[in-house]
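Residue numbers (my numbering), protein chains in the order written: chain G, 1 to 130; chain W, 1 to 120; chain H, 1 to 212.
No lab work stands behind these hints, which were simulated from the structure alone. Heads up, the beta-carbon is just placed ideally off N, CA and C, and yes, glycines get one too. Check each hint, because a few of them may be wrong.
Said to hold, decoys possible - List time: in silico EDC-like cross-link candidates among lysine to aspartate or glutamate, alpha-carbon distance up to 20 angstroms:
(1) K96/G to E71/W
(2) K96/G to E70/W
(3) K119/G to E70/W
(4) K153/H to D64/G
(5) K17/H to E93/G
(6) K119/G to D18/W
(7) K101/G to D54/G
(8) K29/G to D42/H
(9) K96/G to D18/W
(10) K27/H to E19/G
Claimed, not checked - Computed beta-carbon distance windows for the label pairs:
(11) S183/H to S106/W: 51 to 59 angstroms
(12) D51/G to D18/W: 41 to 49 angstroms
(13) I43/W to E34/G: 46 to 54 angstroms
Said to hold, decoys possible - Sample of chain G residues facing chain W (criterion: CB under 10 angstroms; computed from the structure):
(14) S91
(15) G98
(16) Y106
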Amino acid sequence: MKLHEKEHIRVLIADDEVEFLETLGTRMKLRGFEVTTVNSGGAAIQAVKQDTPDVVVLDLKMPDLNGLEVLAKLKEDFPALEVIILTGQGSFEAGKEGMEKGAFDYIMKPVDLNQLIGKIEEAYAKAKAA
Amino acid sequence: MEKLLIPVQGDFVAQRFDLATEIIIAEFDKNIGKLTSEPKTIIMERASDDELCQMIVDLNITDVICGGIEELHYNFLTWKKVTVYDSIIANWQTAMEKAVDGTLQSGEIIPLAKGGQLDT
Amino acid sequence: MHANATAEAACIEAFSKVCASISHEIKNTMAIINENAGLLDDLVMMSGGENISAERVKAVSDTISMQVKRTNVMMNNLNRFAHSHDYETGQENLHDILTLIVSLTVRQAAQKSLEISTECSENIEINTRLLPYYALVYLTLRLLIDHSDDRDKLTVKGELQDGCVSVCFTAPCVAAQFMTDFSENQLQVLVAMLNVESRGETNSLRLVLPPA
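Only chain G is shown next, with the shape it has when bound in the complex (with noise of 0.2 angstroms):
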């Protein structure tokens, strides 16, 4: 049973706080949208390049790679791919280097699912668009 079907949209998660990253994804999966979770920043690499998603939600602090470093990778070989940033700490200085390297935007932890839900739907609508 789900809570509301909306649009396929698909999106891969990469958090290292793998409890973080389950409850969400099952959460995002009880509102229709197809979720794919890993726990680290070349996982993260390595699934966009297997099947890419719609839409990457990136943990800025994770083991390898940091979501930045993700983010400037992703970009150079999947440029339409709209990248929001998930942090832990409040900081302009990610913020502003997630806008330089290109990402959708970054939302900061604890998340508000429907701020999340809203940012993704209006990445997807942008990259649908382009």
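Mind docking chains W and H on chain G? Use the hints.
Leaving out everything else, chains W and H in the frame of chain G:
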């Protein structure tokens, strides 16, 4: 519901975004063009355009009225979908009223009402 | 006066790094708690409040209580670090100090997939200015982590040597550059203040505290 932030200096919109330490925050409803709460004043410990930008994001500000602002910070705020009315020279209350009723435009210079005094 | 002011700055640097790290960790646990509370809401909405799977509710409540425990451990660690400033000098168990300091760097170590192990007998006591000592050990370990390659293995070993308390940091990365950075770092003011002798050895750095 919209949330407006104005860096101020005395009675005026601060001439420079990066030097402001006093901030006015007000909530308004753009559909009815009215404030929905009394404006609040926040005094920042020190002037910092980076911290001001972070505050704007943290507080979910939707509209900013300011004087001069660096391009980087302007781009950041518009990227975060904040409406920025920049290069405003005006008494902050008048500028706020115009933003709330939807008539304020970037670059606007609003002359003082008769009897008003410029900060020197 | 100047040396004290700089040592104070080093202590503040250590304290602010600990606070930044722990507040970030707490944001993470809060995010997990927040999502799980939201998931409970979702389950209620889906079922209309009836026939909610007890198993799923139990899983959510277990996750929340685990994150509360995790946050509690972090807060206890921060609290212990903060209380190191209660007295100008004090006696404490070295094993406890090293365990605490290593646990305060867990996040930085995890970022680089480092393994940090502690070796220390449980009966070594030190008597010194505790906050500067905590700050010295913490900042040295942070510096070492910064110089480490991903997946390195670091060891922090505490031992008694000729009546002196020695803490030895061993890592493949302890090389000329690390030692240069260490000797030029403002950590030196803490080394001087505590009268600690710092010795660079092959792949290791030793901080030796003389008897009180």
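Do the hints match the structure? See the list:
Restraint check for K96/G and E71/W: satisfied, since their Cα atoms lie roughly 12 angstroms apart, inside the 20 angstroms limit. Only pairs whose Cα atoms come within 20 angstroms are accepted, and K96/G paired with E70/W is accepted, the gap being roughly 13 angstroms. At roughly 26 angstroms between alpha-carbon atoms, K119/G and E70/W are farther apart than 20 angstroms, so this suggested pair is violated. Simply put, K153/H and D64/G have alpha-carbon atoms about 16 angstroms apart, close enough for the 20 angstroms limit, and the pair holds.
Using a Cα cut-off of 20 angstroms, the hinted pair K17/H and E93/G holds, with the two alpha carbons roughly 17 angstroms apart. Simply put, K119/G and D18/W have alpha-carbon atoms about 29 angstroms apart, too far for the 20 angstroms limit, and the pair is violated. With a C-alpha separation of about 18 angstroms, the suggested pairing of K101/G with D54/G holds against the 20 angstroms cut-off. Using a Cα cut-off of 20 angstroms, the hinted pair K29/G and D42/H holds, with the two alpha carbons roughly 11 angstroms apart.
Restraint check for K96/G and D18/W: satisfied, since their Cα atoms lie roughly 16 angstroms apart, inside the 20 angstroms limit. At roughly 14 angstroms between alpha-carbon atoms, K27/H and E19/G fall within 20 angstroms of each other, so this suggested pair holds. For S183/H and S106/W, the hinted distance range of 51 to 59 angstroms is satisfied, since their beta carbons lie about 54 angstroms from each other. D51/G and D18/W have their C-beta atoms about 45 angstroms apart, which keeps the hinted 41 to 49 angstroms range intact.
Between I43/W and E34/G, the C-beta spacing of about 48 angstroms keeps the proposed range 46 to 54 angstroms intact. Annotation: interface hint on S91/G holds; nearest CB of chain W at approximately 7 angstroms, less than 10 angstroms. Annotation: G98/G was flagged as interfacial toward chain W, and the flag holds, the nearest CB pair being 9 angstroms apart, inside 10 angstroms. The criterion of a C-beta within 10 angstroms of any C-beta in chain W is met by Y106/G, whose closest approach is roughly 8 angstroms, and the hint holds.
Hints 3 and 6 from the earlier list are contradicted by this structure; the remaining hints agree with it.
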